[in-house]
Amino acid sequence: MRTKAVNEVTMAFLSRSCNESFIRSAAACFAAQMDPTLNELEDIKTAVSEAVTNAIVHGYPDTVGQVVVKLRIWPDNVLELTVRDHGRGIPDVEKARQPMFTTGGEERSGMGFTIMESFMDRVTVRSSLGRGTTVAMRKRLTPRLKTVK
Amino acid sequence: MEIQTKTVDRNLLLELSGELDHQGARSALRELELAVDAALPHHLVLDLGGVTFMDSSGIALILRAQQRMRLLDGGLLVRNVPAQARRVLDAAGISRLVTIK
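Top line first, the protein sequences correspond to chains F and R.
For what it's worth, this note's numbering labels the leading residue of the first sequence as 1, then goes sequentially.
For what it's worth, this note's numbering labels the leading residue of the second sequence as 1001, then goes sequentially.
Just chain F, same shape as in the assembly (with noise of 0.2 Å):
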């Protein structure tokens, strides 16, 4: 049998940078249920901003298109977040997520990927050009001694 999430949540939204503080928010108060450290909650938010930003300044370059976010928790503290588009897509995955490699000009870093693997476990993107990116992200939150009643 499967393991089943412990909780989940998923978020639709149009890919308007308006609505990437809204979104590293929501994950950060859903996050929050694992009572994870200031900093563990600090790198979710990180993360959760450099995917989004890149679906909506790299998967919807000229349009405006739907991005998904799901967030789930596994058994054994396990935090995995996804962020999903259906826009562009990336010609070669193994070049984005290289260190300052970016198409975005000034305005953007290259750092994005970096940022992410820093900041999580485990990193997986999976695109096809045309249908779009979904950028897979675990991290395992340190387990916290529980107050005993």
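Everything labelled a hint here was simulated from the structure, so no lab data went into it.
Computed from a predicted structure; not experimentally measured.
Where a beta carbon is used, it is the ideal one built from N, C-alpha and C, also for glycine.
Accuracy of the hints is not assured; some may be wrong.
[What the hints assert, rightly or not] Label pairs and their calculated CB-CB ranges:
1. 103/F to 1007/R: 32 to 38 Å
2. 33/F to 1037/R: 45 to 51 Å
3. 1090/R to 77/F: 23 to 29 Å
4. 126/F to 1033/R: 34 to 40 Å
5. 1009/R to 64/F: 45 to 51 Å
6. 28/F to 1007/R: 34 to 40 Å
7. 6/F to 1099/R: 44 to 50 Å
8. 1037/R to 68/F: 37 to 43 Å
[To be verified] Far from chain R by the CB rule (all over 12 Å, computed), these chain F residues:
9. 5
10. 9
11. 33
12. 66
13. 76
14. 104
15. 127
16. 140
[Said to hold, decoys possible] In silico contact screen, one side only, chain F against chain R (beta carbon under 10 Å); selected entries:
17. 57
18. 100
19. 111
Given chain F's structure and the hints, the job is docking chain R onto it.
Using the frame of chain F, we list chain R on its own:
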């Protein structure tokens, strides 16, 4: 994103506050370009003391500031970096490229 600009003797200080994400960095980038063009400073200080969140968009802003100051043969200092922004800069290895205090 709010930016306070102060110029004293060709020293330009930009104090940033708010969220330095993709949206915030866009307006900050415009302000930076305008302020540098107006002041043509010898030294530029980016003060991040009021930044409540920063992602790699902030790195793009810092690298652009450095590029502008190199063209002017001037210096750049990034100071008062909050802990979260510092971790983003460290993960990207930016402290090897830019002076951070």
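Check: So which of those numbered hints doesn't the model satisfy?
Finding: 14
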